[in-house]
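*Asks:* Whenever a hint applies, use it, and build me the whole structure from the sequences.
Top to bottom, those sequences are chains A and B.
So in the numbering used here, the last spot in the first sequence is 438, and the numbers never skip.
So in the numbering used here, the last spot in the second sequence is 667, and the numbers never skip.
The hints are simulated quantities; they were obtained by calculation from the structure and are not laboratory data.
Fair warning: this is a prediction, and the values are worked out from it, not measured in the lab.
Possibly wrong hints are sitting among the right ones.
Now the stretches of chain B that chain A is said to cover, found in silico as 3 or more residues with beta-carbon under 8 angstroms [unchecked claim]:
hint	stretch
1	452-461
2	524-538
3	543-557
Note that the Cβ used here is the ideal one computed from N, Cα and C, for glycine as well.
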Amino acid sequence: MYSLVKQRDTVNKWMERFGVRFGIYKGGNFHEQLFPFDPIPRVISHKDWIEIEAGLIQRVNALNMFLEDIYNEKGIVKAGIIPEEFIYSSSGYLAQCEGITPSKKIFSHISGIDLVQAKDGKWIVLEDNLRIPSGASYPMIARTITRKISPETFKENAVFDNRNYSTLIRKAMDYVNIDNGLQVILTPGRYNSAYFEHSYLAEKAGVILAFADDLIVENDTVYYKGLFDKRERVGVIYRRISDEYIDPLAFESSSLLGVPNLMRAYAKGNVAIMNALGNGVADDKGIYYFVPKMIEFYLGEKAILQNAPTYLPYYEEDKKYVLDNLKTLVIKDVAEAGGYGVMFGKDMNDEQLANIKHLIETESRRWIAQEVIDFIDLEIMEGEERVLRKSDLRAFVISEEETRVWHSGLTRYTRNPTSFIVNSSQGGGFKDTWIMKK
Amino acid sequence: MQTLTKINSGVSSAKASRLYWLGRYAERVYLTLHMLRKHFDLMIDEDKDAYITFCNKMGIQNKYTSADDFTKRYLFDTSNPESVINMLERVKDNAMMLREEIMTETLCYIELSIAHMNKPKVQSIGIEGLQRITDYMLAFWGSIDERIVDNQIRHSIKFGKFIESLDLHIRFEYPYNRVEGIFNRMLDSIEKECYICDEMTLLTLKQHFTFDDYKNIGVLQLINSLFRA
Chain A
1 MYSLVKQRDT VNKWMERFGV RFGIYKGGNF HEQLFPFDPI PRVISHKDWI
51 EIEAGLIQRV NALNMFLEDI YNEKGIVKAG IIPEEFIYSS SGYLAQCEGI
101 TPSKKIFSHI SGIDLVQAKD GKWIVLEDNL RIPSGASYPM IARTITRKIS
151 PETFKENAVF DNRNYSTLIR KAMDYVNIDN GLQVILTPGR YNSAYFEHSY
201 LAEKAGVILA FADDLIVEND TVYYKGLFDK RERVGVIYRR ISDEYIDPLA
251 FESSSLLGVP NLMRAYAKGN VAIMNALGNG VADDKGIYYF VPKMIEFYLG
301 EKAILQNAPT YLPYYEEDKK YVLDNLKTLV IKDVAEAGGY GVMFGKDMND
351 EQLANIKHLI ETESRRWIAQ EVIDFIDLEI MEGEERVLRK SDLRAFVISE
401 EETRVWHSGL TRYTRNPTSF IVNSSQGGGF KDTWIMKK
Chain B
439 MQTLTKINSG VSSAKASRLY WLGRYAERVY LTLHMLRKHF DLMIDEDKDA
489 YITFCNKMGI QNKYTSADDF TKRYLFDTSN PESVINMLER VKDNAMMLRE
539 EIMTETLCYI ELSIAHMNKP KVQSIGIEGL QRITDYMLAF WGSIDERIVD
589 NQIRHSIKFG KFIESLDLHI RFEYPYNRVE GIFNRMLDSI EKECYICDEM
639 TLLTLKQHFT FDDYKNIGVL QLINSLFRA
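*Replies:* Below, the structure is given as C-alpha cells:
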C-alpha cells in the first residue's frame, strides 16, 4: 500500500490534468482547487467488508421503507416508535411529498453513509446522507490514475475494481426511468462545489448534463429543450440540486436554479427523480437516533452496524445526561451539514458552554449529542513524513432492483492534527479506499 | 473502465452556444500563436513595431508600451481580457460545461495548456516556450475528432473552429485560395449535421465570398453572424 507514495507527484499531475477539483466560497469569492489526494490507500479487509456491506444494505433498505412509510401510512409513528413531532418538525420533511410514492418505490437511490472505525476495530455509522451525497467520483478517478501509473501495485494486491460507479448509477437511472425518456443529471452549474463530479459522472454514465434552463415542464411532463423548440421527454433526473431550490413554484420562490412545475410532474409520476424529494426527513441527525429501531420495525432484525452512542435532548433523561456531561460530548445541530454545526464540549469555554446549555434547554429538538468516538487514525504523507490523521469513510449504496454497495468509498482525512472534522469544505483531503477481494 | 454509450444526446440552445464558442476560442488560441510567431520573427530585425500591426489586424487596442510589454501582457497577463492565457480560460469555461460530450481526455489538453502557461519558467521565456501549447491544441482537435461520435456535437464545435479560422485569416489578409479552402471545409461541415448555421445568412455570404470581396468588412460581419441557436 505504500508503493504509490513515490509516485504521488505523478498522481497529482494527472489529477491536475484531469481537472479534479472542487469549489469553495471564501470571503464571498468562488475558488476552485485540486482536492488534496493522499497516496496511501485505506485498506478494508475482505472479512470486515462482508459485515460492512451487509450492514449498509440492511440500513438503507430500512431507510427506504421508512421514507415510504412517512409519506404514506406512517406506521412507525402510529406504533409509537418515533414521535410524530420529530417527523413534522424536521426541516427535511416536505409536506408537498405527502402521498407520493416514487417510481419503483425507491426514495434513496444513492445513499452516502458515513462511517468511522473505532480503535477496537468496530465500524460505526456517524451519519446518513440521503439527499445529494457526493464524492464518489474522486476515488473513482484516483483509481483510474493509479492503475495507469502503477499497474504492478494492482497486480500485487487483490483489490476490487471501483471504476464501475457510473455503471451502477446508470443502472439505477435505467431501472426507474419513466417511459424510456432521456436520462439527465441536473446540475446547479459550474459554481457548485461538486460541479466536477456532476460533469464527470454525466460523461462516464453516458447521460446528459442539464442545467435548469435546459428543462421545461409542459402538461406535467418534463422535457429537454432542444434546438429550435424541439422537445424531448425526460424520464429520469439525477438531481444535484437541493430540495428547496429545485422548483421555485413548489419551494423557494427566489430560486433560479430549479425547474418550475417539476414537483407537479414528479407527483403525477411522469418523471423519476433521484434521490426523491423529501429524503431530508430521514437523514435528519435527530432521526439518525431512531435508525436501529427502524431496522427492527421494518425488517424484524437487529442492526448489523451500530450508531455512535447518541442522546436526544428531546427526551428528558437524555437531556439531563447531556447537560451534565457537556464537556465530554460532541453536540450537533440537526439542521447543519458538511461538518458545520459540530461542537466539541472539550473545546468550549465557559461562556460557550453556558450558551449551548441554554440552547439545548430551549430548543431541545434542534440538537443531538454523541459520545466522542476515538476513531482510528490513518497514515497520510505530510511532505516526506508519514503522520497520523483522523479519517472517515463515506460508503455509497445504490438502490435499484437490488441494493448494492459500491466496492470502494470516499475516505476523507483532516490535515489538522487536532481536528475530527474531515469535510473537504473545511480543508480535508481524500484517499482511495481498497476493498480486498480476499 | 468503460464510459457508457450515450443513448441519445440532447443539444439545448445554451449547449449549442457552448459548443460553438468552444470551437471558436480553441481555434483562436491556436491561430493567435501562429500569427504571433510570424510577427515576433519580424520584430527580431525587420520591424520592431510589428506588434502594433498585429494589434491593428486583430482589431484590438494597442495599449502596450513596447515589444517587451506586449510580449508579457498579451501572452500571460490574466488581468488583460485579450491575453492568450485568458483565451485559454474561455476555452476551459466552455469545455468544463461540455465534459460529458468532449470527454475528460479532450479537456485534459486545455488543463495542460493552462498549467503550462502559468509556469514562471515558461513565462520568462516568452513565445518560444509556447510551442507546447500549439502541440496541445492540435492534440485537442485530434481528440475531438477521435472521441466525439455524435456528428451534431462534433460538427457544431468545428463550425465554431472554421468561423474563427475564417475571421482570423481574413483579418491577416491571407490569399483568397487559402481562405476559400477554409470556407469550403466549413460548408462541408455544415452539410454534415450541423444545425447551428443560419441558412439565409449563409446564402448571402456565398454570394459575396468572392476573390474581389472576401476581405470586405461586410463579409467579415456576415461570417460572424452565421451562428444561430
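*Asks:* Between the stretch 524-538 of chain B and chain A, see if three or more residues pass the 8 angstroms beta-carbon test, and mark the coverage as holds or violated.
*Replies:* Satisfied; 5 residues make the cut.
*Asks:* Would you say the stretch 452-461 of chain B counts as covered by chain A, given the rule of at least 3 residues with C-beta under 8 angstroms?
*Replies:* Since three or more residues must qualify, the claim that chain A covers the stretch 452-461 of chain B holds, with 3 doing so at under 8 angstroms.
*Asks:* Three residues minimum, CB to CB under 8 angstroms: does the stretch 543-557 of chain B make the cut for coverage by chain A? Let me know.
*Replies:* With 5 residues close enough to chain A, the hint holds.
In terms of the numbered hints stated before, the structure departs from none.
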